[in-house]
Amino acid sequence: MLAGLFFFMTATIGFLRFPDFYTRMHATAKGDTLGTLLFVVGLALYTLHHGLHWLSIVQSAKLIFIAVFWFLASPTATHALLRSALESDLIPWTKDGKVVLTWPPKRRK
Amino acid sequence: MGGFSLGVALVLCVIILLSLYRGVFGPTVFDRIIGAGFIGTKTIILLLFIGLIYDRIDMFIDLALAYSILNFIGTLIVSKYFIRKGAR
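Quick note, the sequences are listed as chains A and B, same order. Read in order, the letters of the first sequence are residues 1 to 109 in the working numbering. Read in order, the letters of the second sequence are residues 1001 to 1088 in the working numbering.
For the record, the hints were derived by calculation from the structure and aren't laboratory data. Keep in mind it's a predicted model, so treat the numbers as computed, not measured. Take these hints with a grain of salt, some might be off.
Stated by the list, open to error - For the chain A half of the interface with chain B, some residues (derived, Cβ under 7 Å), not all of them: (1) Val68; (2) Trp70; (3) Ala73; (4) Pro75.
We put the CB at the ideal spot given by N, CA and C, even for glycine.
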């Protein structure tokens, strides 16, 4: 859980400091996913520490379900958001202001 | 565990306030969208820790599950809307 807190902190710092939208999204997506996974799995192990009662097993299974769902859903949401940003002509940031990527890509005849 | 979970919950509140800054003053629309998603994720974890503090984690797990599904669907629908419309 402390490792998850560390990843959340780094994600927030990246979110505040990075220069444009794409780099900010890079920081938040990975920090968010890994931090959530670590927190929820840690809580699922903590609910089992009173002993294996069926109620605590059900709670722990629900927590594991949240972890798996979020591990699948967060990259999906990030990907859809990145796609919509590219479709609406937001240019990626470079150090010298040169355009490295054109969208939509040139179609072959 | 009480002091530890209270401290983690307070640090999560500070993180939510920090990312609220980018969510409010973000230069583009997409910054605001990922700010909203980020705060939503922190809220899931904060709900679980509130359940741990009050010893009612069986109820708060269901709340966190519903909140995570809502957060995911919301981000996906808003991004599809901006594909259709364009961010102007």
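Hints and how they fare:
1. Val68: Result: violated, 11 Å to nearest chain B Cβ.
2. Trp70: 6 Å, holds
3. Ala73: Nearest chain B Cβ about 4 Å off; hint holds.
4. Pro75: 11 Å, violated
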